[in-house]
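Here the sequence shown stands for residues 320 to 826, where the numbers follow the numbering used here.
FYI, nobody ran anything at the bench for these hints, they're computed from the structure. A quick note: this is a predicted structure, and the numbers were derived from the prediction, not measured. Treat the hints with care, as some may be off.
Here are the simulated lysine-lysine pairs, BS3-like style, with alpha carbons at most 25 Å apart [claimed, not checked]: (1) K825 x K780; (2) K692 x K780; (3) K706 x K825; (4) K825 x K783; (5) K386 x K720.
If you anchor each label on the Cβ, the simulated ranges turn out as follows [stated by the list, open to error]: (6) K825 x E395: 28 to 36 Å; (7) A524 x E468: 29 to 37 Å; (8) T723 x K692: 17 to 25 Å.
Cβ atoms here follow ideal geometry from the backbone N, Cα and C, with glycine treated the same way.
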Amino acid sequence: ADGAEVAPEAPSAKPRLVDHPRRNELARWLEDSLRDREIDVALLGGHKYMINSCLGIKASAGEFRLKLANPSVRFENTGIVLTLAIDHVAFSALKLRMRPNPNPLELCKFGKKFEVGGAMEDVRLTLRFDPLYDPERCRVGLWGDANPEVRIGNLNLKPLQNDLDKMAKNMVEDALTFALQVSVDGMYSALGDLLFSAVDQFLEADCPTKPGEAGRTTTRIGGVLGGAATSGGARSGGSGGATSGSTSGSAGATTNASPDVQALLARIATLETRIAELETGGPPPGDLEGLLGQAIERLGALDARAAGPELRDLLARFLGLALERSRLGDPRTLMDELTRMVVDPRPRTAEPVGAAASSANVPWYLVPNPELKGRMGRVVVRFPDAKLASGTYVELHRDGKEVTHAYGEPAWELLPGMYDVQVLGVRVAGCEVRSGHDTLVRTGMLTIELGAGTFFRLFQKGEKQELTHGYGSLTTGLLCHGSGEYEVEIQDQRAPVTVREGEIAKF
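Kindly generate the complete structure, drawing on both the sequences and the hints.
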C-alpha cells in the first residue's frame, strides 16, 4: 500500500509564467491593469505611544502616494521585470504631535502637528519575480523571491536645508527597498494584490473550460447546501448506466435544494449548453446572425446551376427556423434579405463592392464609409471568425511609436495620415487613413492542432524571430498580404503553412 502512494507534485513541476504561450499579451495586459493606479505607502502609519494620559507622542513616518503612470513589464530570462517610472511623488517624511500641549489650558491634549515633507522626482521602482502558475486551475501559484530596487533622481525636503537632501534620498531609497522586500505596512501587499489580480484575470479568461465539470462540481455543492447527497446518486447508475445515474443525482439535488441553489444550477445548465454549442460551432438559440452565417456557408457550397428548388427549399426551411427562434422581423423582409445575401456569398474579409481599386498584393484597401463624420477615417481589422480571433493581439503604430492596441477585431477612428498595423508581431507599414473611408488590412487565420504535450513555435517564413509559441493547439488571426507564408517549428524542424485572405488555414 505504501508503494502505491503518489508523492505530491513538487512546486518546480509547475510551469513558469515566462513559458506561457501568450506572455507578450500578458505583459501588455499587466501594463494596462497597473497604469494610473495609486498606492499609499506608510513605513510607520499613525502610531501612538503613551506613557500616561498627559505624556505621549503620535507619529507617522514615510507616507507616500505613488501613481503608477508609466508601468513597463517585460520577461527576462525566467522571470518578470516590472518597472514603474514615476515623474513626481509628494510625500511626508515625518509627522509628530506631542503631549503635553504647550497651551497650559489644554495640557492633556495633543499639540499642533510638526511635519517634514517634500517631493521626489524621477522615481524608478523595479521588481523582479520568478512566478509559477497552475495551468489546471488557471491561477498564479508562487511569485518566487522578489528583488526590489528603488532609485530616486532628485529629492527635496522641506523645511530642512538642502544639504540634507542627498543623505535623505539615500535613506528613502533604502527604506522603500526594505519595505518592498519585507512587506512593511502593505506596500508590497498592495502592489502584489494588483499583480495577482491582473494575472489571475488574464489566466482565467484564457482558461480552457471543460463542459460538464463546473456543473457537476456545483451540483455536488448544491446537494450539500440543499441537504441532498448527490455524489452517491451520481454513481448509482453503475458502469452501464452512468448517464441515468448522473441525471437522477442532479434531479435529487435540485428537488431538495433551496430556491437560490436551484436558480444557480439552472444558470450553470444554460452555461454548459452554450459551451457545447461553441465547441461544435453552432450558434445559440435566437442568434439570427449565426444562423444566417451557417445557411450562407451551405448555400455557398451548392452548385448554382443545379440549385433551383433546393436553394428555395433551404431558404424556406431556414426562414422558418430563424423566425421561430428569434421572433424578429417580417417574413417577406427576411426572405428578401436572405436572397440578397446569398446571391454572391463572399469570405468575410474579401474586398466589398465600393472598395478603392487595389491589387491583391497590396496589404490594405479603402472602403467608403458614409457613417464617418468630418475629417475622420478608420482603421478596421476583421478576421474570418470573430469569436476564434478574440484573443489576437493587434497594435497600431505611427512614426515608430505605438498609438494604441486591442484584442480581437478593433475599429479605430483616426485623423487622416499614414499608420502601421501589427498583428502578432507582423506589421503592415504605410496604411493610409482617408477621411470618410475605412482602411482594411488583408487577414486570415491559422489553427494549429497538435498533441497536448507537443511544443511548437510560429515564425514568418525565413525569419528567426518567433511570433509566438505554445503547447498543443492555437487559433489566431494573422496578416496574409503578399504570399501569407508562415512556418511552424516542431523539434527544430520547420514546416510551411499558407494563410489566405478570408480563410482559416489548418496545420
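Taking the hints in turn, this is what the structure says about them:
A distance of roughly 16 Å separates the Cα atoms of K825 and K780; the hinted pair therefore holds under the 25 Å criterion. Using a Cα cut-off of 25 Å, the hinted pair K692 and K780 is violated, with the two alpha carbons roughly 41 Å apart. Taking the CA atoms of K706 and K825, the gap is about 17 Å. The hint holds against a cut of 25 Å. A C-alpha spacing of about 22 Å is found between K825 and K783, which places the hinted pair at or below 25 Å, so the restraint holds.
A C-alpha spacing of about 23 Å is found between K386 and K720, which places the hinted pair at or below 25 Å, so the restraint holds. As the Cβ distance of K825 to E395 is approximately 35 Å, the hint placing it in 28 to 36 Å holds. Checked against the given bound of 29 to 37 Å, the beta carbons of A524 and E468, roughly 31 Å apart, stay inside it. Restraint check, T723 to K692: a C-beta distance of roughly 20 Å satisfies the suggested window 17 to 25 Å.
Going down the numbered hints, you'll see the structure goes against just number 2.
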